[in-house]
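Undergrad: Please build the complex by placing chain W with the ligands on the supplied structure of chain U, with the hints as guidance.
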Amino acid sequence: MSNAPHELLVVDDLSTTFTTMGGPLPAVANVSFTLARNETIGIVGESGSGKTVLSRTIMGLQPRSNVTVTGSVLLNGNQMVGASEAAKRALWGKEVAMVFQDPMTSLNPVMRVGKQIDESLRVRLGMNKHDAKARAIELFELVGIPSPAQRYMAYPGQLSGGMRQRVVIAIALAGSPNLLMADEPTTGLDVTIQAQILNLLDDLKERLEMSVVLVTHDLGVVATRTSRIVVMYAGRIVESGSTRDVFNHHRMPYTRALLDSSPKVSNASHTRLVTIPGRPPNLLKLTAGCSFAPRCTFATDKCHTERPELQAADEPEHAFACWNPLPTNTERGS
Amino acid sequence: MIRYVIRRILMLIGIVFIISVGSFYLIHLLPGNITTIIEGPGASPANQAKLYKLLGLDRPIYEQYFVWLGNVLHGNLGTSFISQESVASTIRAALPIDLEMIFISQILAFATAIPMAMRSARKPDGIVDRIFGAGSFTLLSVPPFIVIILLVLFISIKLGIPHTGVSTYVSFSSDWIANLESMALPSITLAIGSFVVYFRVLRSDLIATLQEEFITMARSKGISQRRIMWRHAFRPSSVALLGAAGVNIGGLLAGGFVVQFLLAIPGLGYTLIAAINQNDYLLVQGIVFVVSVGVVLINFIFDFIINIVDPRISRE
Ligand SMILES: Nc1ncnc2c1ncn2[C@@H]1O[C@H](COP(=O)(O)OP(=O)(O)O)[C@@H](O)[C@H]1O
Ligand code: SF4
Ligand SMILES: [Mg+2]
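These protein sequences, in sequence, are chains U and W. Here the working numbering is used: the first residue of the first sequence is 1, the next is one more, and so on. Here the working numbering is used: the first residue of the second sequence is 335, the next is one more, and so on.
Isolated chain U (complex conformation):
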């Protein structure tokens, strides 16, 4: 069998297409990657590149109507594509859980946060009221919420963004999932809080022996926290490899553009960012060529008419999709 037992997640040729008024919208196309146990993989791309749709499709959380999913997602041996809501529900929370991007909207505003975590513990794990409360407070403590017993009674609106995200993480951890999907877990937060939350996730991953899919638009976030990186553009993987190879030996111009637009760890936070010129393509009007071609300084005629497939680079597990790749031997000076 191709999926060795140590692979927790095997995504194979996964595509998600929305049926919209403007026609079919391929938000995710032909994505394949694997994730080992206790590994963290980074999924990186500009806003709109399909990261959220991909992570939700992996979980089977896509909207119920107007969407077609093809390919395969094996999560600890369970096929998620085409699975019934009931079958997926049995895995949600226990096998896989998600930390959502915006803690301002991902918590129910009219339910006390204690109730929201209690739900996972009592309904999903069948704990009694007393044990569930004790466990909830324990989890709040684990994610670094001060005076957890008081916070247990709070409504989300009474907590800061960072605190809310800790609550969301505590809820995600309630069912001891093997896989944690973190979809831009810090994008809505202050810079200092961002680092705290990311470090917390790192720490929890080690302690609780989870695998993590860390989704971000900021390569800086994944630099030190992931073993491998998948770079997405217009719903496709355009480069993937070990974190070191993606940073130092990337071949795809888009990856370089992303790196140039990412705040460097060494730079002061007020450094002005270089943004990638142009806009991501309209997914309803994709051409036959490379979807990055309209913005690419290396584009040739071929780029506009024929799409480059992923091809192996020199390094193991490193692949890129580009007709005119950046040279290999020169390490990128910065």
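Just so you know, these hints were derived from the structure itself, not from any lab. Possibly wrong hints are sitting among the right ones.
For lysine to aspartate or glutamate, the following DMTMM-like pairs were computed, each having C-alpha atoms within a straight-line distance of at most 25 Å [as the list claims (entries may be wrong)]:
| hint | chain 1 | residue 1 | chain 2 | residue 2 |
| --- | --- | --- | --- | --- |
| 1 | U | 94 | W | 546 |
| 2 | U | 115 | U | 102 |
| 3 | W | 457 | U | 85 |
| 4 | U | 115 | W | 546 |
| 5 | U | 133 | W | 637 |
| 6 | U | 94 | W | 547 |
| 7 | U | 88 | W | 644 |
| 8 | U | 115 | W | 463 |
| 9 | U | 115 | W | 547 |
| 10 | U | 115 | W | 644 |
| 11 | U | 88 | W | 546 |
TA: Just chain W with the ligands, lined up with the frame of chain U:
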């Protein structure tokens, strides 16, 4: 929250004060000699004199008001010169009929609107939603008197449940079966109007709420569809529903006379129309006052419930 409630109560007292002034003044607005107006053209001079003194018409008007208010606060709304009965006791006899009618109609309306709205919102524009939507739209466009005629046809004649009117009306406590039989038609008529409003308001708010991120998050916890609907979507979606219910129930209390008149149910609305026909102005005044205060109270109560349901509102 406490400050909010105090502010609301002060406002309530202010509004009730204005209503009391308005109700009191109602009679003084009528043209002509008040004693003739109140007692009718055939009043004897003796009675007129009695009334003149009773109303304290020789005294300044603000004094008259405070005398009247003092009586009202003691539950005394005067004695009708037409029926020689205490206005308060007439109202006390009629009001429970309104309340029962409203109560039954609201139970019926909520019990149908909530599950149907939930079913519709689960798949907007799905087949069930379309059927419910078309059905509610049809009900919306049929005027109440047609509804009543149709209901009389179906319930009373086809199903053989008799509809009793004023002369045979029995209270719930003396014969609840007969009481409910006579309440069925008016309650169902009122329920239909309420149902349409509640169904539409709740459906559209549920659809909006179900798009929210916290619903996806609730789904990702692996809890059931049913639980998501009731525990997560319903409460934040019910603010507009409760607002509509407050306005609607107030409207039923104030506007119950249409149904009551058509079906001869001796509630406040029916009594009001009879009082107007008989020039029983003290009774009219009493009913107007009680109904107005009732409407304000109902809105106050629903406002309060909304604040409990959605704690975001009073925090702002
Ligand atoms: N429910 C949906 N219906 C139609 N299009 C959608 C839907 N959800 C996302 N999309 C489209 O899919 C593309 C990818 O979106 P998303 O995954 O949110 O990007 P990212 O998370 O990388 O910012 C966008 O073009 C977005 O408009
Ligand atoms: S294939 Fe062409 S357009 Fe696309 S990234 Fe490579 S060089 Fe640029
Ligand atoms: Mg996203």
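Undergrad: A separate judgement is required for each hint: does it hold in the structure or not?
TA: To see whether the hints hold, each was checked on the structure:
1. U:94 - W:546: 23 Å, holds
2. U:115 - U:102: 19 Å, holds
3. W:457 - U:85: OK: residue 457 (chain W) and residue 85 (chain U) at ~15 Å, within 25 Å.
4. U:115 - W:546: Holds, at roughly 18 Å.
5. U:133 - W:637: 32 Å, violated
6. U:94 - W:547: 20 Å, holds
7. U:88 - W:644: 31 Å, violated
8. U:115 - W:463: Violated, at roughly 31 Å.
9. U:115 - W:547: Holds, because 17 Å separates the two Cα atoms, which is no more than 25 Å.
10. U:115 - W:644: 15 Å, holds
11. U:88 - W:546: 20 Å, holds
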